[in-house]
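Student: Same order as they appear, the protein sequences are chains A and B. When we follow UniProt numbering, the leftmost residue of the first sequence carries the number 1, and every step to the right adds one. When we follow UniProt numbering, the leftmost residue of the second sequence carries the number 1, and every step to the right adds one.
Quick caveat, the hints were computed from the structure, so don't treat them as lab data. Beta carbons: idealized from backbone N, C-alpha and C, even for Gly. Heads up, a few of these hints could be off.
Claimed, not checked - Taking lysine-lysine pairs in the DSS-like style, the calculated list, with each CA pair at most 30 Å apart, reads:
1) LYS76(A) / LYS52(B)
2) LYS256(B) / LYS167(A)
3) LYS167(B) / LYS167(A)
4) LYS52(A) / LYS261(A)
5) LYS52(A) / LYS76(B)
6) LYS167(B) / LYS76(A)
7) LYS76(B) / LYS175(A)
8) LYS167(A) / LYS76(B)
9) LYS171(B) / LYS76(A)
10) LYS175(B) / LYS52(B)
11) LYS175(B) / LYS76(A)
12) LYS171(A) / LYS76(B)
13) LYS167(B) / LYS256(A)
As the list claims (entries may be wrong) - Label-pair restraints from in silico Cβ distances:
14) LYS171(B) / ASN397(A): 28 to 38 Å
15) ILE253(B) / GLU170(A): 23 to 33 Å
16) ARG112(B) / PRO379(A): 26 to 36 Å
17) LYS171(B) / GLU321(A): 34 to 44 Å
18) VAL228(A) / PRO379(B): 55 to 65 Å
19) GLN71(A) / TYR48(B): 21 to 31 Å
As the list claims (entries may be wrong) - Here are a few chain A residues that sit away from chain B, every Cβ distance over 12 Å (derived from the structure):
20) ARG55
21) ASP225
22) GLY230
23) ARG316
24) SER323
25) PRO365
26) GLN368
2 protein chains.
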Amino acid sequence: IAIIHVLYLLCSMKTVARRPSGTLGLWLKTSLRFLNMSVRESFNPESYELDKNFRLTRFTELKGTGCKVPQDVLQKLLESLQENHYQEDEQFLGAVMPRLGIGMDTCVIPLRHGGLSLVQTTDYIYPIVDDPYMMGRIACANVLSDLYAMGVTECDNMLMLLGVSNKLTEKERDKVMPLVIQGFKDASEEAGTSITGGQTVINPWIVLGGVATTVCQPNEFIMPDNAVPGDVLVLTKPLGTQVAVAVHQWLDIPEKWNKIKLVVSQEDVELAYQEAMLNMARLNRTAAGLMHTFNAHAATDITGFGILGHAQNLARQQRTEVSFVIHNLPVLAKMAAVSKACGNMFGLMHGTCPETSGGLLICLPREQAARFCAEIKSPKYGEGHQAWIIGIVEKGNRAARIIDKPRIIEVAPQVATQNVNTTPGATS
Amino acid sequence: IAIIHVLYLLCSMKTVARRPSGTLGLWLKTSLRFLNMSVRESFNPESYELDKNFRLTRFTELKGTGCKVPQDVLQKLLESLQENHYQEDEQFLGAVMPRLGIGMDTCVIPLRHGGLSLVQTTDYIYPIVDDPYMMGRIACANVLSDLYAMGVTECDNMLMLLGVSNKLTEKERDKVMPLVIQGFKDASEEAGTSITGGQTVINPWIVLGGVATTVCQPNEFIMPDNAVPGDVLVLTKPLGTQVAVAVHQWLDIPEKWNKIKLVVSQEDVELAYQEAMLNMARLNRTAAGLMHTFNAHAATDITGFGILGHAQNLARQQRTEVSFVIHNLPVLAKMAAVSKACGNMFGLMHGTCPETSGGLLICLPREQAARFCAEIKSPKYGEGHQAWIIGIVEKGNRAARIIDKPRIIEVAPQVATQNVNTTPGATS
Chain A
1 IAIIHVLYLL CSMKTVARRP SGTLGLWLKT SLRFLNMSVR ESFNPESYEL DKNFRLTRFT
61 ELKGTGCKVP QDVLQKLLES LQENHYQEDE QFLGAVMPRL GIGMDTCVIP LRHGGLSLVQ
121 TTDYIYPIVD DPYMMGRIAC ANVLSDLYAM GVTECDNMLM LLGVSNKLTE KERDKVMPLV
181 IQGFKDASEE AGTSITGGQT VINPWIVLGG VATTVCQPNE FIMPDNAVPG DVLVLTKPLG
241 TQVAVAVHQW LDIPEKWNKI KLVVSQEDVE LAYQEAMLNM ARLNRTAAGL MHTFNAHAAT
301 DITGFGILGH AQNLARQQRT EVSFVIHNLP VLAKMAAVSK ACGNMFGLMH GTCPETSGGL
361 LICLPREQAA RFCAEIKSPK YGEGHQAWII GIVEKGNRAA RIIDKPRIIE VAPQVATQNV
421 NTTPGATS
Chain B
1 IAIIHVLYLL CSMKTVARRP SGTLGLWLKT SLRFLNMSVR ESFNPESYEL DKNFRLTRFT
61 ELKGTGCKVP QDVLQKLLES LQENHYQEDE QFLGAVMPRL GIGMDTCVIP LRHGGLSLVQ
121 TTDYIYPIVD DPYMMGRIAC ANVLSDLYAM GVTECDNMLM LLGVSNKLTE KERDKVMPLV
181 IQGFKDASEE AGTSITGGQT VINPWIVLGG VATTVCQPNE FIMPDNAVPG DVLVLTKPLG
241 TQVAVAVHQW LDIPEKWNKI KLVVSQEDVE LAYQEAMLNM ARLNRTAAGL MHTFNAHAAT
301 DITGFGILGH AQNLARQQRT EVSFVIHNLP VLAKMAAVSK ACGNMFGLMH GTCPETSGGL
361 LICLPREQAA RFCAEIKSPK YGEGHQAWII GIVEKGNRAA RIIDKPRIIE VAPQVATQNV
421 NTTPGATS
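Model the full assembly from the supplied sequences, consistent with the hints where possible.
Tutor: In structure tokens, the structure reads:
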């Protein structure tokens with residue numbers, strides 16, 4: 001780990017170079033802390049003088065980005081925002097400046113100042129894991145993910161949105177919320193930014209979110225609309241986070257557990273849960289950097305609408321008439337089986353299962369895709385990064401689909417195997 | 001109204017000049033629409049095929065910015081964010097660039113690009129009035145208000161944060177939320193900006209908010225830390241919005257109504273409610289522009305912590321050792337009496353009563369203050385703008401207080417009197 005870390009640090013110097021001094025030490029601290037997470041004990045409420053049955057996830061009835069308003073309803077609600085009075089293309093040095101608004105999760109606004117663009121996103125979710133510190137990290141990674149999907153690697157500013165549940169006792173609030181905030185803060189620092197403000201209100205459910213903003217030169221971001229036939233689709237995190245956290249809660253609910261105990265062991269579930277947590281907490285920042293290295297044509301991040309929903313959104317954005325076809329679904333080990341055992345109630349096989357802080361779905365030139373998948377696993381980026389080729393871009397009517405019998409790639413938990421480099425299908 | 005409007009239009013051309021074409025027509029539309037609001041009928045659910053007892057404000061247990069976590073609790077929760085790793089002052093052309101973070105509602109972040117600063121704020125609240133369209137306007141004005149308090153008159157981008165209550169029927173949701181969104185959108189357009197994204201989730205309570213962002217040159221914003229002894233405090237909206245909306249609901253609750261019916265008539269309450277609604281929906285943009293004209297030294301906007309809470313926050317920010325002393329409290333007509341009749345349960349007389357989308361509290365050089373108050377009432381800025389001198393800045397330890405028996409300025413409802421220019425105390 002020490003060696004991995006030194007390499008990680010060296011490579012990270014590039015991105016932190018233009019940051020104020022002291023940043024290096026900070027990367028050291030945060031990246032070490034991050035590496036340590038893989039041997040992290042699961043959260044024990046009693047060690048914080050809380051009731052042993054305290055569960056963060058009980059302070060909401062909807063999990064993670066599963067709280068999103070259904071896509072069709074949302075489209076209808078936001079219709080009126082589509083016709084937009086300031087959408088005339090702005091010019092800079094004779095070139096039309098790109099603009100991105102409603103539809104994708106990140107907006108790109110041409111600024112009045114010398115060719116700069118405002119790239120900005122906001123997101124907020126409900127608790128999906130019971131470890132408050134990790135939940136804070138996940139919430140922050142989830143917000144930043146939309147910037148990373150634009151190939152933006154530097155966040156200029158982070159605002160934090162917090163809803164403190166009115167159902168928390170004062171003691172619970174004072175023990176738990178600082179842990180959440182610390183996790184959010186540590187993830188911000190790992191991203192090379194810091195929290196400068198936000199809004200904190202009382203709400204029935206715990207709310208965790210933020211606003212990530214960057215002001216970019218044209219070469220610092222990649223518009224998600226340049227996919228062409230022949231491109232290949234790459235995904236940078238396994239699917240099934242929602243399934244893993246759900247079945248993990250079923251460990252406490254016999255009638256639900258009985259439905260799946262034949263296809264999965266308690267240890268499998270614990271491992272999948274830990275793995276899901278680590279994946280959700282992992283920043284998509286490395287992938288964002290590699291989008292530039294390997295000339296990505298478009299990307300989005302996978303969250304509440306599931307891989308198919310976000311693939312469809314991305315397809316709709318393309319300038320060339322293309323469609324996305326998904327052949328492979330990388331899924332957390334055993335979660336596909338669990339999902340089938342529940343009559344696919346999660347929609348995992350259909351690509352509609354919500355993910356929280358999911359991976360990036362990237363359109364890459366065919367010849368670059370395999371190299372992208374190999375490079376991202378390099379220890380110099382720290383442990384745990386993976387990527388899979390999951391589909392293709394073909395001529396079409398800006399739609400996305402999953403083939404009838406997609407190949408399920410069982411993604412083995414890395415928490416178990418310390419060897420990060422042997423992941424099935426990683427270069428399939 | 002026609003004449004007022006033409007003048008308004010002419011003066012607004014300055015600020016919209018650098019906007020894309022078509023903006024003028026838009027100002028025409030929105031400012032006319034805004035003027036029309038003063039003769040707006042109160043919201044009738046049945047005209048939208050909703051039950052006549054439908055009340056937007058029932059979809060939360062906390063009103064407006066009354067949902068804020070108590071100031072002391074918040075301070076404790078956010079402690080860990082105070083020590084900040086990227087706060088080294090950045091220099092541009094040898095000059096230290098200003099930075100503002102946790103503590104004030106708006107953050108100012110020096111950017112990597114030629115002396116520009118990112119000025120940004122986020123806010124979200126719960127329904128405080130029952131008219132969905134007006135509620136949308138209020139939510140938007142409330143978000144923008146933090147920018148205006150920095151003397152920023154142009155918003156480069158607006159993101160909308162929506163929580164759709166899971167207690168709304170589908171029909172209610174589809175009737176009501178579009179009205180809310182339309183109100184939010186119209187207010188954004190009146191502000192010369194547009195909504196390019198955001199986040200919409202399901203939540204027990206209806207959530208309304210957004211993120212307002214501008215990238216500024218140094219002369220486009222006013223840091224809120226330059227108050228000096230001898231300055232004068234000016235307030236640009238009357239207090240008592242929370243009281244007005246609360247007692248308006250008491251009209252339906254006999255036991256509560258009986259407590260106050262001796263000091264206030266039903267008509268007084270209806271007028272105060274309408275007036276509160278118009279004030280909350282009014283942008284502080286004109287005041288922000290005049291902050292430059294009259295050389296304001298510092299400002300903040302009045303929301304959830306009440307006038308005293310926000311005055312204290314502002315005092316704490318000052319570079320010179322000053323204190324704020326408040327002598328006058330401009331209050332919506334009759335609401336002071338109501339507040340007293342309730343044993344001051346609202347904290348209005350103590351300055352702790354939450355306001356939603358309140359006015360700007362501005363530190364002005366003494367000789368400029370009266371001119372500011374006179375100028376803002378000029379019809380060329382549209383109807384309804386007011387301002388009062390409410391206190392002074394003296395040498396002190398960065399605290400704020402209200403004198404023992406502050407003078408209550410009864411602010412007559414303008415909905416009743418069409419004559420905008422005779423408001424008691426306006427130049428006191």
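Student: Indicate, hint by hint, whether the structure satisfies it.
Tutor: Comparing the hints with the structure gives:
Pair hint LYS76(A) plus LYS52(B) holds up; C-alpha atoms about 25 Å apart against a cutoff of 30 Å. A C-alpha spacing of about 27 Å is found between LYS256(B) and LYS167(A), which places the hinted pair at or below 30 Å, so the restraint holds. Proposed proximity of LYS167(B) and LYS167(A) is supported: the alpha carbons are some 18 Å apart, at most 30 Å. At roughly 24 Å between alpha-carbon atoms, LYS52(A) and LYS261(A) fall within 30 Å of each other, so this suggested pair holds.
A hinted pair counts as satisfied when its Cα atoms are at most 30 Å apart, and LYS52(A) with LYS76(B) qualifies at roughly 25 Å. With a C-alpha separation of about 19 Å, the suggested pairing of LYS167(B) with LYS76(A) holds against the 30 Å cut-off. With a CA separation close to 11 Å, the supplied pair LYS76(B) and LYS175(A) stays within the 30 Å bound. Restraint check for LYS167(A) and LYS76(B): satisfied, since their Cα atoms lie roughly 19 Å apart, inside the 30 Å limit.
For the given pair, LYS171(B) sits about 13 Å from LYS76(A) by alpha-carbon distance, which is consistent with the 30 Å threshold. Distance hint between LYS175(B) and LYS52(B) is fulfilled; the C-alpha atoms sit about 14 Å from each other, no more than 30 Å. The suggested pairing of LYS175(B) with LYS76(A) holds, with an alpha-carbon distance near 11 Å, which does not exceed 30 Å. With a C-alpha separation of about 13 Å, the suggested pairing of LYS171(A) with LYS76(B) holds against the 30 Å cut-off.
Simply put, LYS167(B) and LYS256(A) have alpha-carbon atoms about 27 Å apart, close enough for the 30 Å limit, and the pair holds. Our hint of 28 to 38 Å for LYS171(B) and ASN397(A) holds, since their Cβ atoms are close to 33 Å apart. Taken as a hint, the range 23 to 33 Å holds for the pair ILE253(B) and GLU170(A), whose Cβ atoms sit roughly 30 Å apart. At about 30 Å, the CB distance of ARG112(B) to PRO379(A) agrees with the hint of 26 to 36 Å.
In this structure the hint that LYS171(B) and GLU321(A) lie 34 to 44 Å apart at CB holds, the actual value being about 38 Å. Between VAL228(A) and PRO379(B) the C-beta distance comes to about 57 Å, which sits within the given range of 55 to 65 Å. Taking 21 to 31 Å as the suggested C-beta distance range, the pair GLN71(A) and TYR48(B) conforms, at roughly 25 Å. No beta-carbon of chain B is positioned within 12 Å of the beta-carbon of ARG55(A); the least distance is around 18 Å.
Against the 12 Å criterion, ASP225(A) stays outside the reach of chain B, whose nearest CB is about 16 Å from its own CB. No beta-carbon of chain B is positioned within 12 Å of the beta-carbon of GLY230(A); the least distance is around 30 Å. Look at ARG316(A): its CB is around 15 Å from the nearest CB on chain B, clear of 12 Å, so calling it non-interface holds up. For SER323(A), the requirement that its beta carbon stay farther than 12 Å from each beta carbon of chain B is met, with the minimum near 25 Å.
At roughly 28 Å from the closest C-beta of chain B, the C-beta of PRO365(A) stays outside 12 Å, upholding its exclusion from the interface. No beta-carbon of chain B comes within 12 Å of the beta-carbon of GLN368(A); the shortest separation is about 29 Å.
Comparing the model with each numbered hint stated earlier shows that all of them hold.
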